[in-house]
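Asks: Following the hints, position chain E against chain S.
Line by line, the protein sequences are chains S and E.
The opening position of the first sequence corresponds to residue 52 in this note's numbering, with each subsequent residue numbered one higher.
The opening position of the second sequence corresponds to residue 52 in this note's numbering, with each subsequent residue numbered one higher.
Watch out, some of these pointers could steer you wrong.
Note that identical chains are pooled: a pair holds if it fits in a single copy or bridges any two copies.
Result set (SDA-like, lysine to any residue): computed pairs, CA atoms no more than 20 Å apart in a straight line [stated by the list, open to error]: (1) K350 x A184; (2) K165 x R322; (3) K165 x D84; (4) K268 x E308; (5) K350 x L189; (6) K165 x Q82; (7) K268 x I246; (8) K165 x R81; (9) K268 x N155; (10) K165 x Q86; (11) K165 x P369; (12) K165 x R265; (13) K160 x C80; (14) K160 x Q86; (15) K160 x R322; (16) K160 x C174; (17) K350 x Q247; (18) K268 x L258; (19) K268 x R74; (20) K160 x R81; (21) K268 x S157; (22) K268 x L286; (23) K160 x R314; (24) K268 x F173; (25) K160 x K268; (26) K268 x E187; (27) K160 x F92; (28) K350 x P367.
Hints were generated in silico from the structure; no laboratory data involved.
There are 2 protein chains.
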Amino acid sequence: MTLSVDLADVVEAHRRIRSHIHRTPVMTCRQLDQQVGTRLFFKCENLQKAGAFKSRGACNAVFSLSDEVAQRGFVTHSSGNHAAALARAAARRGVSAQIVMPSNSSGVKIAAVKGYGAAITFCEPNLPAREAAAAELLEASGGTLIHPYDDEAIIAGQGTAAVELLEEVPDLDLIVAPVGGGGLLAGTLIAAKAIQPAVQVIAVEPLGADDAYRSWKSGTWVPSVAPQTVADGLLTSLGTRNFAIIRELVDDIWRVEDAVILRAMQLILERAKLVVEPSAAVPLAGLLEPPAAARTEGKRVGVLLSGGNVDLQRLPLPSTV
Amino acid sequence: MTLSVDLADVVEAHRRIRSHIHRTPVMTCRQLDQQVGTRLFFKCENLQKAGAFKSRGACNAVFSLSDEVAQRGFVTHSSGNHAAALARAAARRGVSAQIVMPSNSSGVKIAAVKGYGAAITFCEPNLPAREAAAAELLEASGGTLIHPYDDEAIIAGQGTAAVELLEEVPDLDLIVAPVGGGGLLAGTLIAAKAIQPAVQVIAVEPLGADDAYRSWKSGTWVPSVAPQTVADGLLTSLGTRNFAIIRELVDDIWRVEDAVILRAMQLILERAKLVVEPSAAVPLAGLLEPPAAARTEGKRVGVLLSGGNVDLQRLPLPSTV
Chain S
52 MTLSVDLADV VEAHRRIRSH IHRTPVMTCR QLDQQVGTRL FFKCENLQKA GAFKSRGACN
112 AVFSLSDEVA QRGFVTHSSG NHAAALARAA ARRGVSAQIV MPSNSSGVKI AAVKGYGAAI
172 TFCEPNLPAR EAAAAELLEA SGGTLIHPYD DEAIIAGQGT AAVELLEEVP DLDLIVAPVG
232 GGGLLAGTLI AAKAIQPAVQ VIAVEPLGAD DAYRSWKSGT WVPSVAPQTV ADGLLTSLGT
292 RNFAIIRELV DDIWRVEDAV ILRAMQLILE RAKLVVEPSA AVPLAGLLEP PAAARTEGKR
352 VGVLLSGGNV DLQRLPLPST V
Chain E
52 MTLSVDLADV VEAHRRIRSH IHRTPVMTCR QLDQQVGTRL FFKCENLQKA GAFKSRGACN
112 AVFSLSDEVA QRGFVTHSSG NHAAALARAA ARRGVSAQIV MPSNSSGVKI AAVKGYGAAI
172 TFCEPNLPAR EAAAAELLEA SGGTLIHPYD DEAIIAGQGT AAVELLEEVP DLDLIVAPVG
232 GGGLLAGTLI AAKAIQPAVQ VIAVEPLGAD DAYRSWKSGT WVPSVAPQTV ADGLLTSLGT
292 RNFAIIRELV DDIWRVEDAV ILRAMQLILE RAKLVVEPSA AVPLAGLLEP PAAARTEGKR
352 VGVLLSGGNV DLQRLPLPST V
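Bound conformation, chain S alone:
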């Protein structure tokens, strides 16, 4: 089967976005190694521009289009990190961005989008309202919709994190990635499996938003219905383009409970001294669970720390939940 994105797309994306993103550091933490029983290599996308890996895909999408198309501007709908990343990417290209955000978006995220100079349209907090508002803006502006994850340019861009990780630590046994819409996971699979066929790629998903797990197990795309998890970046349904790649290439999907996600987040904050959002702690949560721990003991594990945009005033730590 031919997949819609290949390593050449990811390499091309990397060349295209290099000057617009951080090459984020890979960090290690002996205390966490001891806790988990593996050697952990954290790819710090929480230190990425706009605070999340989303800047990779957004820059690739925005800079891959012609001047003629780009100058009509970009539109997306997102309550989260993709909104800020797209706003920033459009600003760097010198074109407009219009972002549809649900009316209950956090003040921090609204401020970030505004800070990059994008125009915000608020809508009711549900998917039909978001899509309707975006469609209206597209019709009025003639701009281009950049979907947060179900898009080949986005997938190729997100895959560049794994390229950098494997450049720095070529002999990984395993890479663990969170899965929500599936952009980061699909990009990681495309890149990692082509660069280093022996590396295993495992997705970790909150138990309360396990549509990727259920889709993968059943072989049929299953939507995310009424998801419930503290990992607010992983609520969305898997993209269909993403599912096609994940179904083909992923080695396993683990599910974790929110209590373990929060414990993992606390460990990263307290031990690694890195600010991460709950979604970014999901891969480590997977490694903390006893069955996974038995399977990964002694291995060299790359961990994608996907983002660091968390409301510090309401830091969800285990004892406060």
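Replies: Chain E alone, transformed into the frame defined by chain S:
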């Protein structure tokens, strides 16, 4: 005047401790640069072993003594980062550490010291009680007291952070450091002024614990009496050895209010995504104040992020104070 520590001591310390500490990364953050109007280079000692620069001095002190002396063990009194750093250094040398901690020390810090296998003696939370308890342990064990800051080996060890910072960013105009007991500041002065005579070194101190400022202004050592600040690592009185160096070499001492320290801490957490303790935010707080900002505009500034051991359950952020 001949000072009690020179660059050769710092270089020797660096060689001695290199295998026992992290060479911590130097990080930059464009958003904070814009906020402050300078180019900031953060030396991330919050990512140091045991979570603070204190591991540098403690390792230097512990590894500079003969086997005969070391095997009798080490003693110190500290409620904070030096306690954990000394416990860790002694464990690496395979000798015992006895730590006197005030009975009101935080649970997190007690757990860290225990985690490194040191024996803890609790005492009343005041300096005479701490010194008396330490004296008793010294007499019983024949061990060696490692003072947290008023000690040449400690000063030389702390100076190694500035050596690494200037290796990575040789053309700094300015280095800003927090000052409490003065170990980090004195070591930084010795190293930076010898390596790069043109670099200015500025200390920043909480207004509610400004004994270094008052000592420096008056030319006479002034103790810290009833200090009040959120920067709990900077409550202590300046060491006399440290004062002799600081008086000779420091370019300026700025004082900052707690509200600005908390704002700086929030900026580091939210923008740089690094977990720091309030004391570590004091240098950035100095740069945020308008008079300093005018003097530093456009300069290249090294910022010593001294440590990251903060109780996340009680994160002191501006709006919660």
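Asks: Give a verdict on every hint.
Replies: Comparing the hints with the structure gives:
no.	hint	verdict
1	K350 x A184	neither (47 Å within a copy, 45 Å between copies)
2	K165 x R322	between (33 Å within a copy, 16 Å between copies)
3	K165 x D84	between (39 Å within a copy, 19 Å between copies)
4	K268 x E308	within (19 Å within a copy, 57 Å between copies)
5	K350 x L189	neither (48 Å within a copy, 44 Å between copies)
6	K165 x Q82	between (39 Å within a copy, 14 Å between copies)
7	K268 x I246	neither (26 Å within a copy, 62 Å between copies)
8	K165 x R81	between (39 Å within a copy, 17 Å between copies)
9	K268 x N155	neither (33 Å within a copy, 53 Å between copies)
10	K165 x Q86	between (40 Å within a copy, 16 Å between copies)
11	K165 x P369	neither (32 Å within a copy, 22 Å between copies)
12	K165 x R265	neither (37 Å within a copy, 44 Å between copies)
13	K160 x C80	between (29 Å within a copy, 18 Å between copies)
14	K160 x Q86	between (33 Å within a copy, 18 Å between copies)
15	K160 x R322	between (26 Å within a copy, 13 Å between copies)
16	K160 x C174	within (15 Å within a copy, 47 Å between copies)
17	K350 x Q247	within (16 Å within a copy, 44 Å between copies)
18	K268 x L258	within (14 Å within a copy, 61 Å between copies)
19	K268 x R74	neither (35 Å within a copy, 45 Å between copies)
20	K160 x R81	between (33 Å within a copy, 18 Å between copies)
21	K268 x S157	neither (34 Å within a copy, 47 Å between copies)
22	K268 x L286	within (19 Å within a copy, 58 Å between copies)
23	K160 x R314	between (24 Å within a copy, 19 Å between copies)
24	K268 x F173	neither (37 Å within a copy, 56 Å between copies)
25	K160 x K268	neither (34 Å within a copy, 45 Å between copies)
26	K268 x E187	neither (37 Å within a copy, 66 Å between copies)
27	K160 x F92	neither (28 Å within a copy, 26 Å between copies)
28	K350 x P367	neither (30 Å within a copy, 38 Å between copies)
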